[in-house]
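**Student:** If you're matching them up, the sequences are chains A and B in order.
If you count the first sequence from 1, position 168 lands on 168 in our numbering, and the numbers rise without skipping.
If you count the second sequence from 1, position 255 lands on 1255 in our numbering, and the numbers rise without skipping.
If you are wondering where the hints come from, they were derived from the structure by calculation, not from laboratory data.
Just so you know, not all the hints are guaranteed correct.
Straight-line Cα separation of at most 20 Å, SDA-like style, residue types lysine to any residue; simulated pairs [to be verified]:
no., chain 1, residue 1, chain 2, residue 2
1, A, 129, A, 173
2, B, 1235, A, 99
3, A, 127, B, 1368
4, A, 129, B, 1368
5, A, 74, B, 1362
6, A, 45, B, 1452
7, B, 1363, A, 231
8, A, 44, B, 1340
9, A, 129, B, 1265
10, A, 127, B, 1362
11, B, 1235, A, 127
12, A, 74, B, 1317
13, B, 1235, A, 82
14, B, 1363, A, 99
15, B, 1235, A, 60
16, A, 74, B, 1318
17, B, 1235, A, 129
To list a few chain A residues with every Cβ distance to chain B over 12 Å, as calculated [claimed, not checked]:
no., residue
18, 18
19, 98
20, 109
21, 120
22, 140
23, 141
24, 175
25, 244
26, 254
27, 274
28, 276
Since the structure is predicted, the reported quantities are computational estimates derived from the model, not experimental observations.
The beta-carbon is built from N, C-alpha and C at its ideal position, and this holds for glycine as well.
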Amino acid sequence: MTAASPVRWTREDLLGIAELSPGEIELVLDTAESFREVGERPIKKVPTLRGKTVVNLFFESSTRTRSSFEIAEKRLSADNLNFTASGSALAKGESLVDTALNLQAMAPDLIVIRHAHAGAPHLLARKLKAGVINAGDGAHEHPTQALLDAYTIRRHKGRLAGLKVAIVGDIEHSRVVRSNIHLLTKMGARVTVAGPRTMMPVGIERLGVEVAHTLAEAVRGADVIMMLRIQLERQGRMAIPSIKEYFELFGLTSARLAGAADDVIIMHPGPMNRGVEIASEVADGPYSVILEQVTHGVSVRMAVLYLLSGVHEETA
Amino acid sequence: MAATTTTAAAAGPGAPSGRLLIANGRLIDPSQGLDGAHDLLIEDGVVAAVLDRGEGPAAGERRDAGERRERPGGRERRERHEDGERRDLAVLDASGLVVAPGLIDMHVHLREPGQEYKETVATGTMAAAAGGFTAVACMANTEPVNDNRSVTEHILAEARRHGYARVHPIGAVSKQLAGLELAEIGEMIRAGAVAVSDDGRPVMNAELMRRALLYARHFDVPVIQHAEDLDLSGKGVMHEGEWSTRLGLAGIPGAAEDVMVARDLLLLEDTGGRYHVAHLSTARSLELVRRARRQELPVTCEVTPHHLVLTDEEVARTVFSTQCKMKPPLRSERDRQALLAGLVDGTVDAIASDHAPHHADEKDVEFDLAPFGILGLETTLGLCLDRLVRPGVVSLSRLVELLSTGPARVLRLPGGTLRPGSLADVTLFDPEGEVTVAAGAFLSRSRNTPFDGWKLQGRPVATMVGGRRIELPGRATPLHPAV
């Protein structure tokens, strides 16, 4: 049911973008394209993953990502189970490995995990037979977010190669940035990251990106601008003096879009802080594709679930 | 649990009587500038003589006895002599082996008292002996902390009863390692401690460090600093650099170490005394020590085998393996190269393992949550022979200096030499012998090593403490035992 991609999907886990090939990335995006239409039907359901069990293991609060996975699972007719950290075994001192082994004993086919610590999905993948999907691990990776961002860009621009993409905000603590950098550079886009020097991780340029320290420099000629959430709870780390000053320096307003490409699109992985990193006039403005990202997230996650479930192999 | 007849301790019972000749080996003793075909004669637990091959009284005796020179490898036997006054002479054939002054690991954590599920004095010193070490210096971060005489005495008593190597306790700088007030350093030194350190934690308070340097002068012991500015290291779990950025793990910048070393060296200019940097890991800290040496400041430093062999990239290569998590963290390749240069030019005084046992369950968690630290006693010699000597970074003689003479000099220990009259603490190792590291077979109670499965060329063969051969439970005696 996928478009003709020469690449076959052989992975059991989706832990990050870093290890994917451009062909695999394209395969996911093409597969997502074929699932998009399901969301537009009056009866939004296909039997593809009937009889498959998916566990959503969320150790960190998340509304958007968890809902998106849940809807994707339901539209594919998978049985799903939500497991959240609050009120879970973790509060009782059980280790991640033990929690996972207990879930394993119930024989799920896929486990979607969100965790505050980088590498947690990788630890699970080593221990479990079920396929593991990383739904965000610390500041490391958030592969489905990067895939849905790429899907959204591709739908608007028809391509990824050669585009200039600016990513602005707290680069150091963002998993979205890392996955996006890997994906976009693999696909031939030019990526510029921008933000206060206190939020710029050491050696980021080694990932193949340009570093800008003013918003104007980042925005100039940009085809895509991604704004990142400034995490208010991290103010204790002395990264910026105040939200007010941050907005003055790096907040995206209509006026500051001046130097960007005429058909620039504005993205945000959410949740947004209006008036902190992005002004409402931009978030709700004509260039914004922020809500479209959310819509496409479902198609992309359906594609990932489908590919990892192995059913494409069973029916091949 | 230990066979008391073969145990050893810093204040152990009397040395074995009798005479032993370690023959046919390559004797390396940097303290005497020796590296060559020498035999070692031991009498009553003390080095009696270093003999050129085929000469000296021992050879004469053998000729008197009409002995034939050929001996099968690894054989040892007793020879009777017609002269009734002469005592028996045991001969140990060390063909193909290096005979060195006993190796000393000046930085280990034995975890006893308080964390015996990780390690004990018995298992830790077993691991030491298995790794070729005849002595260890153990850090004070036990439970309770070794910040007073009774804990020091307890550790020494355990070592006397159960030790397989000499144990030299290091006392705490501050009470409870809290960094607020000085521990009873004098009493601990009198009880047998050889240095002071809050290792595991830095002495963050500059005024306390200044006082510690001054006060330790009364006892002529070094203050050993775990150099880490805790504000700069923050919640970091690995070296700050390209790899921490790629992995999204919080970084510990090299500066966290450098600013502490720089601060302490400034204090040392004013106070005098002796200052030792534990597990030095950065190029810049090494350069600070090098410059201070040129000003003749009384500073010494040690580096660990893992900082000499691995870099921060290993965390990525192993996909977040918690066996790559320790403090200081594995640093950049540039830092590693600088440390290697420090071994060569003499800036580094000692290689020390920072043997830090942790239970497997504690390490089988998310990277952020795992405790810092890895084992070292059973891999240090093999790693150094394979990764430092074999590629020609340092000579065998320099390695022996770094693992024996150097630490003995820093801590003013009686070992580190095979000079006649010194204690017969001897390590025999095979620089060519191949070995595959098998964590499951370690004598340590813990298994936390990043080197499991590594194939190394170079392995320890036997240790002798005060002339007494150390036999290890469950291990075949590598050379035939004395009759």
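**Student:** Please go over all the hints and tell whether each is borne out by the structure.
**Tutor:** For each hint, the structure was consulted:
{"no.": "1", "hint": "A:129 / A:173", "verdict": "30 Å, violated"}
{"no.": "2", "hint": "B:1235 / A:99", "verdict": "25 Å, violated"}
{"no.": "3", "hint": "A:127 / B:1368", "verdict": "18 Å, holds"}
{"no.": "4", "hint": "A:129 / B:1368", "verdict": "24 Å, violated"}
{"no.": "5", "hint": "A:74 / B:1362", "verdict": "38 Å, violated"}
{"no.": "6", "hint": "A:45 / B:1452", "verdict": "50 Å, violated"}
{"no.": "7", "hint": "B:1363 / A:231", "verdict": "30 Å, violated"}
{"no.": "8", "hint": "A:44 / B:1340", "verdict": "63 Å, violated"}
{"no.": "9", "hint": "A:129 / B:1265", "verdict": "54 Å, violated"}
{"no.": "10", "hint": "A:127 / B:1362", "verdict": "16 Å, holds"}
{"no.": "11", "hint": "B:1235 / A:127", "verdict": "27 Å, violated"}
{"no.": "12", "hint": "A:74 / B:1317", "verdict": "37 Å, violated"}
{"no.": "13", "hint": "B:1235 / A:82", "verdict": "30 Å, violated"}
{"no.": "14", "hint": "B:1363 / A:99", "verdict": "16 Å, holds"}
{"no.": "15", "hint": "B:1235 / A:60", "verdict": "19 Å, holds"}
{"no.": "16", "hint": "A:74 / B:1318", "verdict": "36 Å, violated"}
{"no.": "17", "hint": "B:1235 / A:129", "verdict": "32 Å, violated"}
{"no.": "18", "hint": "18", "verdict": "7 Å, violated"}
{"no.": "19", "hint": "98", "verdict": "10 Å, violated"}
{"no.": "20", "hint": "109", "verdict": "23 Å, holds"}
{"no.": "21", "hint": "120", "verdict": "5 Å, violated"}
{"no.": "22", "hint": "140", "verdict": "3 Å, violated"}
{"no.": "23", "hint": "141", "verdict": "7 Å, violated"}
{"no.": "24", "hint": "175", "verdict": "6 Å, violated"}
{"no.": "25", "hint": "244", "verdict": "25 Å, holds"}
{"no.": "26", "hint": "254", "verdict": "33 Å, holds"}
{"no.": "27", "hint": "274", "verdict": "27 Å, holds"}
{"no.": "28", "hint": "276", "verdict": "22 Å, holds"}
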